[in-house]
Amino acid sequence: MELVLGRRRRLADQVMRGLCTAAGFGGAGILLLLLAHVVVNGISALSPQLVTELPTPLGVPGGGLAHAVVGSAIIVGLACLWGIPLGIGAGIYLAEYAGPGVGTVVRFMADVLSGVPSIVLGIFGYTIIVTQMGGFSGLAGAFALGVITLPIIARTTEEVLRLVPGELREASLALGVPRWRTILRIVVPTASTGMITGTMLAVARIAGETAPLIFTTLGNNFWSSDPTRPMAAMTLTIFQYAIWPYEYLHQQAWAASLLLMTVVLLINVIVRLASRSYGPR
Amino acid sequence: MRCFGYPFKQAYPEQDQMESTASPERTPSPTPNLNALLRTGRWRWGDTVFRVVVSGTAASIVLGVILLVITMFEAGLAALIAFGPSFVWSTVWNPVSQVFGVLPAVYGTIATSALALVLAVPVGIGAAIFLAELAPRWLSNPISFLIEMLAAIPSVIIGFWGLFVVVPLVRQVEAPLGRVLGVIPMFSGPAYGIGLLAAGVVLAIMILPILTAVARDVLRAVPTSQREAMLALGATRWETIARAVVPYARSGIVGATILALGRALGETLAVSMVIGNTFQVSPSLFAPATTLASLIATQFREADTALYLSALIAAGFVLFVITMLVNVVARILVWKLTVQSVEV
Amino acid sequence: MQTAAQPQVAPVAAPSVSPSPDSGGRLGIGVRHLSAWYGPHQALRDITLDIPDRQVTAIIGPSGCGKSTLIRCLNRMHEVTPGARTQGQVLLEGHDVFAPSVDPVALRRLVGMVFQRPNPFPTMSVFDNVVAGLRLVAQRNRNLDELAERSLRRAALWDEVRDKLRSAGTALSGGQQQRLCIARALAVDPKVLLMDEPCSALDPIATLRIEELIRVLREEIPIVIVTHNMQQAARVSDRTAFMLAGEERVGELIEVGDTAEMFTNPSDKRTEDYITGRFG
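Protein chains in written order, with the numbering used here: chain A, 1 to 281; chain B, 1 to 344; chain C, 1 to 280.
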């Protein structure tokens, strides 16, 4: 009776398990490498003046990226202003009202929209806002970024609303509470943690988007807080500085990358911790 | 009289007492304004208004997609009419003579994405197997976390990092590879570093998280009974994974791969920073090239004529059509595989 | 707001079925030839039943006999399910609740309901749960504190929760949660209270508390209780209705009458079989 595993089988088992383990650690290792590189290169140029001062004339070292920080904040803020309510509304429709037919159509369209490359959404912003308004603007950028948030927020909202037990809706309806107030006062608050999670992730996602902004906000090397005019953005500035041949601009781009990465990762980490502790019990 | 042994409420004497004390209230007293109460319409319009509002927001998604297709097609129409089918088949992109064809960019888009899949799929599925099947929870959770965080890094930062770290590394690999395998066209030519290979590597890094995360979830969803059945047949851990777990989850893994492909096709910034943006079709992986997205992003500001701009937008439309096709194929494929696995 | 132009909901005379003799002459709810469907499937056929005022009416029968569907028709919760419809009449103090002029939302404020499993709103405190019905229809300038205390006293819960009104409603025990749901239903001052197997998720002690509560509440409003537990029906109800799913799984009313009479001397063979445990 053969109780000892064949050598080849045992070897294959060990080798393949080893390779899979290596793949797992490798994937995580890439992130750590990337983080380390950005931190090491960015930290030396990180200073208060990076976010308080404006760029110096090209070729003159010094200056900061205050215009890009403010520009990014305004564009992302405006995108949230229209993207979040619309996305949540659509999610509520999908979870609470949509019949099987219409629901499938809307869901399919949302999936199509989230599969569209972000650069194509930039062109969309260009054709629909920039050409109509007669110029590049922060508003056009906010439009394109809002389109990105729309399907993400709609689908996560739908998902978490579906997790709310039907018993709660019934309890409220049976009290004589109209359906719309049942949804707004009972269903939505119950699912709020999940909705906030989805929304925050969408915000983190658009904060790091570059491609749609090339066609819409264009970028600006000067101070501008007027969203009807071309604006600077962190990501656009990193893109620009990275391919310019000035060492001090590379330094600033690393610092800006560090800043942006910290914000984006922080949102992701917080959201993850929050959804773990308040998530499904 | 039959009694089935049920204790009746009449058996509670105090109950009868309470009834008698309550008797003055028990005279009939119809609710005076029941009629009005039954139709208190204070919030009558609330439901209608709310329903219209949320339906409108949902409609905006549908409307947005339709508008997207129409406006893009309209804006790119000039170029599509001017060049006809040769817009997609021609390899000439000459802004000076106003002749535009995007075949090299289409080639670059597909080549970089295919390369990314070749590099990322084995690693991603291997990592997913490790996370779902081999690693203990205390190890699997933090590693999952790190890999998923990779997906959150803005693409411009990955491109920046790729330009300064991946490109020099690729260059060092390319030189010896070219010396040994230079006879094969794929590995011929000078080692620039910048080019298809670098773009493929950067893209592979970018799609690794989604591939790993989706494949891990799919593998975790495989019922334990499948594993136990294979183990009970005397299979090793690896044999169980390769012959029972992965085949059971194949439709989900295919879905994850195509989802990742969709991401890779449309990725712009990271690719445009490391691919060299050279408009050519070269069989060599070392050669600089361009992709549709990169072409649009880098030349948009230089588009000085209406036809040039229209050609760039038409290129965007071609990209849109390709990604849509991939997504639709993914859906059909996943659907078919799911149906098959149910039938089996 | 009611205006003179709107048609009146005419009180419907129901000569065919007179209020039962022991009801004090007044009818809480009258069900007349009620049938109900879920899409193509018929769930109830031609139910005619009286719910007398200030009595407890129990509805018993094996699972799937349409008990829950029947009481969900009484406050028009049935129609919340997509594809559900009804035929026939339900009369609340003589007014047809299916009349076009009746707003189902308004009706549900007059007909309270308690569900199978305790379902306090998880995002709300004990206090907020009790006054949820009042708050959510925006009735301002009401003394909510007083109303909450009154409702909690009526639900025999006040003494247990007076110190934790601000803590989460879901932090209470199962039995307390169910009484909280009863307090919540009572707070809007309904004319009828419906209970859909209110004790099926509770332990025997908690069940006993709810049953005691039902006996007290019976002095104030008519109660309809659906239960799969015949002992419970015998313990708490004045009248019992026995339902059975007939051909094609359509629920029918087999027999209704005085509880003591029904359990000692059923007139229908099927009732006798059921209560003696021969099937179901």
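Read the hints as simulated data drawn from the structure, not as lab findings.
What you are looking at is a predicted structure, and each value in this text was computed from that prediction instead of being measured.
Even glycine gets a Cβ: it sits at the ideal position worked out from N, Cα and C.
Be aware that one or more of the hints could be misleading.
[Unchecked claim] Which residues of chain B face chain A? A few of them, derived with a C-beta cut under 10 Å, are:
1. VAL88
2. ALA127
3. PRO190
[Claimed, not checked] Calculated pairs, DMTMM-like style, for lysine to aspartate or glutamate (alpha carbon to alpha carbon, straight line, at most 25 Å):
4. LYS191/C x ASP103/C
5. LYS191/C x ASP203/C
6. LYS191/C x ASP258/C
7. LYS164/C x GLU212/C
8. LYS191/C x GLU170/A
9. LYS191/C x GLU167/A
[Claimed, not checked] Have a look at the derived ranges for each label pair, beta carbon to beta carbon:
10. GLY182/B x LEU32/A: 33 to 43 Å
11. TRP45/B x GLY63/A: 30 to 40 Å
12. ASP217/B x LEU32/A: 19 to 29 Å
13. ILE196/A x ASP46/C: 25 to 35 Å
Right, here's what the structure says about each hint:
1. VAL88: violated, 17 Å
2. ALA127: holds, 4 Å
3. PRO190: violated, 21 Å
4. LYS191/C x ASP103/C: OK: LYS191/C and ASP103/C at ~16 Å, within 25 Å.
5. LYS191/C x ASP203/C: violated, 29 Å
6. LYS191/C x ASP258/C: Status holds; Cα separation ~22 Å.
7. LYS164/C x GLU212/C: Roughly 23 Å between the alpha carbons, so the hint for LYS164/C and GLU212/C holds.
8. LYS191/C x GLU170/A: The given pair, whose Cα atoms are some 19 Å apart, holds under the 25 Å limit.
9. LYS191/C x GLU167/A: holds, 22 Å
10. GLY182/B x LEU32/A: 33 to 43 Å: Holds, since GLY182/B and LEU32/A (Cβ atoms, about 35 Å apart) stay within the stated range.
11. TRP45/B x GLY63/A: 30 to 40 Å: violated, 57 Å
12. ASP217/B x LEU32/A: 19 to 29 Å: Since the Cβ atoms of ASP217/B and LEU32/A sit about 23 Å apart, the hinted range of 19 to 29 Å holds.
13. ILE196/A x ASP46/C: 25 to 35 Å: violated, 51 Å
Hint compliance for this structure: hints 1, 3, 5, 11 and 13 are broken, all remaining hints hold.
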